[in-house]
Amino acid sequence: MSARFRIRTSAWWLALKLLRRDWRSGELYLLSAALVLTVAAITAVGFFTDRIERAMQRQGGELIAADLVIDSSRAIPETFADEAARRGLAIARTLTFSSVVLAGDSSQLVQVKAVDDTYPLRGSMRLKADLDAAELPTDGGPAPRTAWVEPRLLYALGAEVGTGIDLGEVGFTADRLIAYEPDRGGNFFQIAPRVMIRLDDVPATGLVTEASRVRHRLLLGGPPQAIADFAAWAEPKLPAYAGLLDAREARPEFESAVDRASRFLHLAALTTLLVAGAAIALASRRLVDRQTDAVAVMRCLGAPRHVLTRIFALRLLAFGLIASLIGCLIGWLGQQGLALVLADWFDGPLPAPSVAPVFVGLGTGLVALAGFALPPLMQLADVPPLKVLRRDLGAPKTSVALAALAAAAALALLILWQAGDFELAWKLLLGVVGAVAALVALGAVMVWLAGLAAARTRGIWRLGLAGLSRRPAAAILQITGFGLGILALLLLAVVRVDLLQSWQQTLPEGAPNRFLINIQPHEKDALADWFAERDIDSSGIYPMVRGRLTGIGGETVEPDDYEDPQAARLADREFNLSYSDVPQGDNEIVAGRWWAGPDPLPQFSVEEGIAETLGIALGDELRFWMAGREVAAPVTSLRRVVWDSFNVNFFVIGTPGLLAGEPATYVTSFYLPAAREALVPELLRAFPSVTLIDVGALLEQVRGIIEQGIRAVEYVFLFTLAAGLLVMYAGIQASLAVRRGEHGVLRTLGANRGQLLRGLLVEFTVAGLLAGLTASIFAELTGYVLARQVFDLPFAPNPWLWVFGVLGSGVAIGLAGTLGTYRALVRPPLAQLRAA
Amino acid sequence: MNTPESVSPESVSPESVSPESASPEIVSPEVLCRADGLAKHVTGPGGRLTILHDLSLSIGAGEAVAIVGASGSGKSTLLGLLAGLDTPSDGDVELCGERLATLDEDGRAALRAGRVGFVFQSFQLLPTLTALENVSLPLELGAITDAPRMNGSGPTGIAREALERVGLTPRAGHYPRQLSGGEQQRVAIARAFAPGPRILFADEPTGNLDLATGQKIIDLLFALRADAGAALVLVTHDQALAERCDRRLGMRDGHLEALA
Chain A
1 MSARFRIRTS
11 AWWLALKLLR
21 RDWRSGELYL
31 LSAALVLTVA
41 AITAVGFFTD
51 RIERAMQRQG
61 GELIAADLVI
71 DSSRAIPETF
81 ADEAARRGLA
91 IARTLTFSSV
101 VLAGDSSQLV
111 QVKAVDDTYP
121 LRGSMRLKAD
131 LDAAELPTDG
141 GPAPRTAWVE
151 PRLLYALGAE
161 VGTGIDLGEV
171 GFTADRLIAY
181 EPDRGGNFFQ
191 IAPRVMIRLD
201 DVPATGLVTE
211 ASRVRHRLLL
221 GGPPQAIADF
231 AAWAEPKLPA
241 YAGLLDAREA
251 RPEFESAVDR
261 ASRFLHLAAL
271 TTLLVAGAAI
281 ALASRRLVDR
291 QTDAVAVMRC
301 LGAPRHVLTR
311 IFALRLLAFG
321 LIASLIGCLI
331 GWLGQQGLAL
341 VLADWFDGPL
351 PAPSVAPVFV
361 GLGTGLVALA
371 GFALPPLMQL
381 ADVPPLKVLR
391 RDLGAPKTSV
401 ALAALAAAAA
411 LALLILWQAG
421 DFELAWKLLL
431 GVVGAVAALV
441 ALGAVMVWLA
451 GLAAARTRGI
461 WRLGLAGLSR
471 RPAAAILQIT
481 GFGLGILALL
491 LLAVVRVDLL
501 QSWQQTLPEG
511 APNRFLINIQ
521 PHEKDALADW
531 FAERDIDSSG
541 IYPMVRGRLT
551 GIGGETVEPD
561 DYEDPQAARL
571 ADREFNLSYS
581 DVPQGDNEIV
591 AGRWWAGPDP
601 LPQFSVEEGI
611 AETLGIALGD
621 ELRFWMAGRE
631 VAAPVTSLRR
641 VVWDSFNVNF
651 FVIGTPGLLA
661 GEPATYVTSF
671 YLPAAREALV
681 PELLRAFPSV
691 TLIDVGALLE
701 QVRGIIEQGI
711 RAVEYVFLFT
721 LAAGLLVMYA
731 GIQASLAVRR
741 GEHGVLRTLG
751 ANRGQLLRGL
761 LVEFTVAGLL
771 AGLTASIFAE
781 LTGYVLARQV
791 FDLPFAPNPW
801 LWVFGVLGSG
811 VAIGLAGTLG
821 TYRALVRPPL
831 AQLRAA
Chain B
1 MNTPESVSPE
11 SVSPESVSPE
21 SASPEIVSPE
31 VLCRADGLAK
41 HVTGPGGRLT
51 ILHDLSLSIG
61 AGEAVAIVGA
71 SGSGKSTLLG
81 LLAGLDTPSD
91 GDVELCGERL
101 ATLDEDGRAA
111 LRAGRVGFVF
121 QSFQLLPTLT
131 ALENVSLPLE
141 LGAITDAPRM
151 NGSGPTGIAR
161 EALERVGLTP
171 RAGHYPRQLS
181 GGEQQRVAIA
191 RAFAPGPRIL
201 FADEPTGNLD
211 LATGQKIIDL
221 LFALRADAGA
231 ALVLVTHDQA
241 LAERCDRRLG
251 MRDGHLEALA
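Residue numbers (the numbering used here), protein chains in the order written: chain A, 1 to 836; chain B, 1 to 260.
No wet-lab data here; the hints were simulated from the structure.
Keep in mind it's a predicted model, so treat the numbers as computed, not measured.
Some clues are possibly wrong.
Claimed, not checked - Label pairs and their computed distance ranges (CB to CB):
(1) R20/A to Q239/B: 44 to 50 Å
(2) R99/B to L402/A: 29 to 35 Å
(3) Q239/B to R390/A: 21 to 27 Å
(4) L321/A to A240/B: 51 to 57 Å
(5) G154/B to A231/A: 45 to 51 Å
Unchecked claim - Not the full set, but computed from the structure, chain A residues with beta-carbon under 7 Å of chain B:
(6) L14
(7) L19
(8) R20
(9) R21
(10) T292
(11) A294
(12) V297
(13) R299
(14) C300
(15) G302
(16) G363
(17) L366
(18) P385
(19) L389
(20) I552
(21) G553
The beta carbon of each residue, even a glycine, is placed where N, CA and C say it ideally should be.
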C-alpha cells in the first residue's frame with residue numbers, strides 16, 4: 001500500500017470517527033434535521049411526481065388509445081412496426097381520411113377511420129344499438145363490410161341503424177352507433193361525422209391512393225420503459241412528415257390540471273428547500289462556533305491546515321451522504337402517504353416509482369450542504385492555533401460574500417433543477433435573494449434603532465433592547481432566520497388560503513359538463529330559446545369558422561418547418577376560429593389591446609400559448625385559407641385562456657367584420673346536472689344535426705385532481721412547516737452560548753430570573769415583530785407573483801396575513817425564544833459561566 | 001539531564017540566559033529550542049504596544065525551564081512564539097532543529113506533530129470526545145501527517161497506555177464534563193505525552209486546580225517527563241513550582257531575566 005493511499009484512508013477513517021463523535025455529542029442534530037428535511041421533501045415530491053408521470057402516461061394512454069403513437073401524413077415505413085414488434089410492443093394501425101358516404105339519394109361528407117382488430121390498445125370503444133339503447137364497451141374493430149357511425153350521420157342521411165351505406169366502391173351496413181371513441185382526443189370539433197370501418201376493407205373501397213390526404217397512425221402499447229426506449233430509438237429516425245404523440249399531449253384540460261398540481265407540489269418542495277437552507281446555514285454557523293476551540297487544539301497538536309481541510313471536507317461529504325440517504329428514505333415513506341392521499345386520482349394503483357429521485361435527493365443534499373455549510377466549515381481550518389492560549393481570539397470571520405455566493409449558486413442550481421423551468425427558477429431565486437437582502441437590511445436598521453431605544457429606556461426594556469444591539473451580527477442573523485421561518489409559514493397561508501382557493505374556483509360547481517358542436521346558424525336562436533325555457537345556463541353560443549393557417553408575418557407556414565412536433569401538428573391541421581366584439585369573460589389580454597368601437601379594422605387575437613408554440617408575435621400578419629379564399633389580418637392582442645375552466649375557448653379570434661362572412665357553425669358548453677339527464681335525448685331530437693359531447697367524466701377527473709392536489713400540496717407543506725419551525729429554532733439556538741455567559745454574569749451581579757426572563761421576552765418579541773413585518777411584505781409580494789406569473793390565477797391581498805404575520809410572529813417568537821432559552825437561565829450562574 | 005546549577009546563567013541580562021553567553025560546559029549537547037532577538041508588538045487603540053523585547057534563550061534536550069512572571073508580563077506570548085503557535089514581530093525561533101521563520105503555518109504544525117506536547121491551564125480537552133479519544137487525537141492526526149512516532153499498537157493502544165500511566169483507565173470512556181478538574185488535567189497530560197514528544201510546553205498547568213490536586217498533577221507531570229526524557233517549558237506564576245525546574249527565567253514587562 002503506498003504512503004499516499006495510507007494517508008488518504010487515514011483521513012477518511014479519522015473523518016468518519018470525528019463524524020461519529022460529533023453525532024454522539026449532539027452537535028450535528030440541528031444540521032442533520034435541516035438536511036434530512038430538505039432531502040425528504042424534495043424526494044417525496046420527486047418520487048410522487050415520477051409516479052404521477054407514469055400513471056398519466058398510462059391513463060392518458062386511453063386518450064390516444066395507445067401508450068405511444070406515430071402520427072404521419074404519409075404511409076409509415078415498416079421499419080418502425082418491425083422494430084416495435086421486435087421489442088415486444090403491442091401494435092395497432094389506424095387510417096383516417098375524409099370521404100363521402102351515399103345512402104340512397106343522400107350523401108354526406110364523413111371522416112372515415114379504418115382500424116384493425118387490435119384497436120384500441122388502451123381504453124375501449126363504446127357502442128349503442130340505437131339512440132335510446134345502453135352503451136356497451138366493445139373490443140376489436142367492426143366486422144367485415146360493417147360500419148360504426150355517429151348518430152348524426154344517420155340523421156343527415158335520413159337513415160336508420162342497419163341501413164346500407166356506400167363508401168367508395170364498397171357497400172357497408174351501418175351496424176352500430178358510436179357513443180364513445182377513446183382517441184377522439186382533443187379533436188372534438190371535427191365537422192364531419194365519424195364512420196369507422198375495418199382496415200382490411202379500405203383497399204376495396206378504392207378511396208385511398210398515393211395522392212390521397214390520409215392520416216396514418218401506428219399505435220403502440222407496452223411497459224413504460226419499453227415505450228420510452230422505443231420513443232428514444234424512433235425519434236431521430238422519423239421522417240419529417242411523421243411525429244410521435246404521447247399521452248400527455250392528448251388532453252390539454254387534464255394535462256393543465258395535473259401540470260398545475262405538479263407545479264404546486266414542486267413549489268412546496270422548493271419552499272422547504274429554501275427555508276431548510278436557511279436552517280442549514282444557521283446550524284453550520286453554530287457548529288463552526290462550537291468547533292473553534294477543538295480546531296485550535298488540533299492545529300496546536302500538529303494538524304496542518306490542508307489535513308484539517310481534507311478531514312472537514314470528507315466529514316461533510318460523509319455526513320451529507322448519510323443524512324441525504326435518510327432523507328431519501330423518509331421521502332420515500334412520505335410519498336407513500338402522498339400516494340394514499342391521492343389514491344383516487346387515477347384508476348387503479350399508481351405505478352411504482354423509479355430510483356431516479358434518490359439521485360436527485362442525494363444531489364440536493366450534497367449541493368445544499370456545499371452551498372450553505374461548506375464555506376463556514378472550511379474556514380474553520382483558519383482558526384489560529386494561538387487560540388489555545390488566547391481565548392479572546394474568536395472564530396474566523398466567515399467571508400459574507402463567499403458564503404452568500406455559494407448559497408446563491410447552490411440555490412440557483414437546485415431551483416433550476418427542481419423547477420425545470422428557467423423563468424420560475426430565476427423569479428424564485430430573485431425573490432429569495434431579495435427577501436434575504438431585505439431581511440438583513442431591515443434587521444440592521446432595526447437593531448440600530450433598538451440600540452438607540454435601549455439608551456432611552458430603563459429596566460427590562462433596556463435589558464431586552466440592549467440584548468439586540470449588543471450582538472448586532474447575531475441579532476441580524478437571528479432576525480433573518482426568524483423572518484425566513486415566518487415567511488415560509490405565511491407563504492403556506494397565502495398558497496393554502498388564496499392560491500388554492502382560486503384554483504378551486506376555476507372549476508366551480510356548475511362548470512360546463514357538455515359541449516354542443518355543429519350547431520347550424522339557423523338553429524342558434526332556437527337553441528338559445530331551448531336553453532332559456534329549461535333554465536339551463538350555457539357559456540355562450542359562439543360562431544366557429546374553420547381555416548388552415550398559411551402564413552405568419554409574411555412567411556409561409558409549412559408544418560415541416562417546425563421542429564416541435566406539437567407545433568408541426570398545429571400548423572398542419574385546421575384551426576377553429578371565432579369572431580366577437582368583446583373578449584370572453586374568463587379571457588385575459590396579456591399583450592396588446594382588444595379591438596374597440598362598432599366597426600374595428602380587421603385584426604386577430606391569439607392565445608398566448610399557441611402564439612409561443614408557433615412563433616406568433618404581436619403585430620404579425622396571420623393568413624388563413626378559409627373555404628376557398630384567403631383571410632389576412634394583423635395580431636393585435638394576445639390572450640391568456642383558462643383551459644381547464646371547461647368554457648368554450650378559441651386559439652384565434654377575429655373581428656366580426658373579418659370572419660362573419662365565412663361559413664360558420666356554432667358551439668357552446670353548458671352544465672347539465674345528473675338529475676336532468678333525460679333532457680339529452682330530447683335535445684338531440686330537437687336539434688338532430690348537433691353533436692353532443694359529454695365531458696362530465698373528464699370534468700370530474702380534473703376536479704378530483706384539483707381537490708386532491710390541494711390536499712397533496714398541504715401534505716408537502718408539512719415539510720415546509722417543519723422547516724420553518726426548524727429555522728426559528730436554529731435562530732434561537734444561534735445565540736445561546738453567548739447568552740449563557742451573559743446571563744451568568746448578569747445573575748452573578750444580582751439580576752434575578754424574573755428580570756432576565758422579561759428581558760428575553762422583550763428581546764424576542766421585538767425580533768419577532770420585526771421579522772414578521774418584513775416576512776408579511778414578502779409573503780404578499782410572493783403570493784402576487786405566484787398567482788399572476790406562475791399559476792395564472794387571480795390575486796387578492798389578504799389583510800389577515802398582516803395581522804397574523806406581524807402580531808402572530810411577535811407573540812410566537814417571543815414565547816418560543818423565551819421558553820427555548822429558559823433552560824439556560826434556570827441553571828446556577830456558575831454552571832452558566834462554565835458552560836459559556 | 002542537566003542539573004539546575006549547570007544551566008543557571010551568571011548574569012540577569014536577557015542575552016546572558018542564552019547558551020551562547022553562558023559557560024560552554026553548561027550548554028546542553030543538543031539545543032531543542034532556541035530564540036534569538038525575539039520581539040512581539042501589537043497595535044491597539046493606544047498605538048503600538050511591545051509585549052516582548054529582544055529576547056534570546058535556548059533550551060536543551062531534556063531540560064526543564066520555568067518561565068515565571070506576573071499576569072500580563074508576556075510569558076504566555078513567549079510560550080506561543082517558542083511553540084510556533086504565533087509568529088514574532090522580530091527575531092527567530094529554532095525548534096527541533098528547524099527555523100520557524102522558514103516555515104509557514106502548516107510547516108510549523110507538521111513540526112509540532114508528535115514532537116511537541118502541550119498542557120494548558122484550561123485543559124483544552126475536546127468536550128465531544130471521551131478521555132480515550134482525546135488522548136488518541138494527536139496520534140490519529142499524526143497517522144495522517146506521518147508524524148515520527150507511531151508504533152505497531154495503533155493510536156488507541158498507545159492512548160490506553162498513556163491513560164494507564166496517569167491512572168485514568170477506569171475513566172477512559174468518560175467525557176470531560178464528567179471528570180473533575182484534576183482528572184481533566186491528567187487526561188491532558190496523557191494526551192501531551194502519548195505521541196512521545198521531545199519537548200513539552202505547559203501553560204499554568206495548575207492554574208485551575210486546588211493546591212493539593214495541583215501538587216499531584218505537577219508530580220505526575222515531572223515523573224512522566226523524567227520517563228520520557230522530554231524537555232519542559234513551564235509557564236507559571238508559582239515560585240514553588242518553578243523551583244522544581246532545572247532553570248528559572250523571570251518575565252517582567254516583556255523582558256526576560258535569569259532567576260537564581
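With respect to the beta-carbon atoms only, verify the hint that Q239/B and R390/A lie 21 to 27 Å apart. Because 25 Å falls inside the window, the suggested range holds.
Proposed interface contact between L14/A and chain B, which counts if any beta carbon pair is under 7 Å: This interface hint holds because 5 Å falls under the 7 Å limit.
Outcome of range test on Cβ distance (R99/B, L402/A; 29 to 35 Å): holds (34 Å)
Please check whether G302/A passes as an interface residue: C-beta within 7 Å of a C-beta belonging to chain B. holds (3 Å)
Hint check: 7 Å Cβ-Cβ cutoff, A294/A to chain B: Hint on A294/A: holds, closest Cβ of chain B at ~5 Å, below 7 Å.
Classify the hint on C300/A as holds or violated, based on whether any CB of chain B lies nearer than 7 Å to its CB. The hint holds - C300/A has a Cβ within 7 Å of chain B, the shortest such distance being about 6 Å.
Restraint check, 7 Å cut-off on beta carbons, for I552/A near chain B: Result: violated, 67 Å to nearest chain B Cβ.
Okay, L321/A versus A240/B on CB: inside 51 to 57 Å? Once the Cβ atoms are compared, 55 Å apart, the range 51 to 57 Å for A240/B and L321/A holds.
Could you check if G553/A really has its C-beta closer than 7 Å to a C-beta on chain B? With Cβ-Cβ at 66 Å, over 7 Å, it is violated.
Could you check the hint for me, namely that R20/A and Q239/B are 44 to 50 Å apart, CB to CB? At 46 Å between Cβs, range holds.
So, L389/A near chain B? Judge it on the closest CB pair being under 7 Å. With a closest approach of 5 Å, the L389/A hint holds.
R20/A was flagged as interface toward chain B. Is the shortest Cβ-Cβ separation under 7 Å? This interface hint is violated because 10 Å lies over the 7 Å limit.
Violated hints for the displayed structure, listed by number in ascending order: 5, 7, 8, 10, 16, 17, 20 and 21.
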